[in-house]
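Protein chains: 2
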Amino acid sequence: MEKFVEQALLYDFYGELLTEHQKRIYEDVVFNDLSLSEVAEQQKISRQGVHDLIKRCDRSLRDYEAKLGLIRKFEETRRLVGEIHRLAREFDAGGDASCVKKIEQISEQIGEL
Amino acid sequence: MEKFVEQALLYDFYGELLTEHQKRIYEDVVFNDLSLSEVAEQQKISRQGVHDLIKRCDRSLRDYEAKLGLIRKFEETRRLVGEIHRLAREFDAGGDASCVKKIEQISEQIGEL
Numbered sequence: 001m002e003k004f005v006e007q008a009l010l011y012d013f014y015g016e017l018l019t020e021h022q023k024r025i026y027e028d029v030v031f032n033d034l035s036l037s038e039v040a041e042q043q044k045i046s047r048q049g050v051h052d053l054i055k056r057c058d059r060s061l062r063d064y065e066a067k068l069g070l071i072r073k074f075e076e077t078r079r080l081v082g083e084i085h086r087l088a089r090e091f092d093a094g095g096d097a098s099c100v101k102k103i104e105q106i107s108e109q110i111g112e113l
Numbered sequence: 114m115e116k117f118v119e120q121a122l123l124y125d126f127y128g129e130l131l132t133e134h135q136k137r138i139y140e141d142v143v144f145n146d147l148s149l150s151e152v153a154e155q156q157k158i159s160r161q162g163v164h165d166l167i168k169r170c171d172r173s174l175r176d177y178e179a180k181l182g183l184i185r186k187f188e189e190t191r192r193l194v195g196e197i198h199r200l201a202r203e204f205d206a207g208g209d210a211s212c213v214k215k216i217e218q219i220s221e222q223i224g225e226l
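So the protein lines, in turn, are chains A and B. Following our numbering, the numbering of the first sequence begins with 1 at its first residue and continues without gaps. Following our numbering, the numbering of the second sequence begins with 114 at its first residue and continues without gaps.
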């Protein structure tokens, strides 16, 4: 996965578990595209300090996913729901009852995730 | 929600964020039904210590849910997927195309959660 996409997804799921200080700096660097030096000056810490904080946040966010695996589960659910949506539309467009049979199976599969 | 059910659900989602020590004691007391005194003796800590640890774990688990809200999201998804499953079976049992139309709508709704 592209690094930025991974960071955005991890932050979306687990960002609330970072401290306010970490969140502010992480957002400025990763999402608002401020340079390390700009943030360092704003926050009155060293450029290296900002760099380390981002690294540490990345590691925390990845640890949360390694432990909880909620993104993986969520993505799998989303994929299967997308498949249900596709099948419902296929049926609308003249597909036969086998589409609905498949929907039934997929909805059971989601229940088991 | 009944307290035990709430604890089981919270632990299922966020238990991995507790330490090994906390997990062992929490499981013994909450799920394996050992008494505080039994666990206190096994772990060589006071009965009050075990009691406080359980309280602290309960609070942490609830805090995680308050911050991330993943159980709420997950339960809502599960409810809607159950609805899809019911509609697919209704169609199988002779229901008309409106069942599938509803499935299509619900699958979009899940996508927006």
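These are calculated hints, taken from the structure and not from any lab test. Since we're looking at a predicted model, the values are computed, not measured. Hints are not guaranteed to be accurate.
[Claimed, not checked] Taking lysine-lysine pairs in the DSS-like style, the calculated list, with each CA pair at most 25 Å apart, reads:
1. B:K186 to B:K157
2. A:K102 to B:K180
3. B:K186 to A:K23
4. A:K23 to A:K67
5. B:K215 to A:K23
6. A:K101 to B:K214
Okay, the hints, checked on the actual structure:
no.	hint	in the structure
1	B:K186 to B:K157	40 Å, violated
2	A:K102 to B:K180	36 Å, violated
3	B:K186 to A:K23	23 Å, holds
4	A:K23 to A:K67	21 Å, holds
5	B:K215 to A:K23	40 Å, violated
6	A:K101 to B:K214	15 Å, holds
Comparing the model with each numbered hint stated earlier shows that hints 1, 2 and 5 do not hold.
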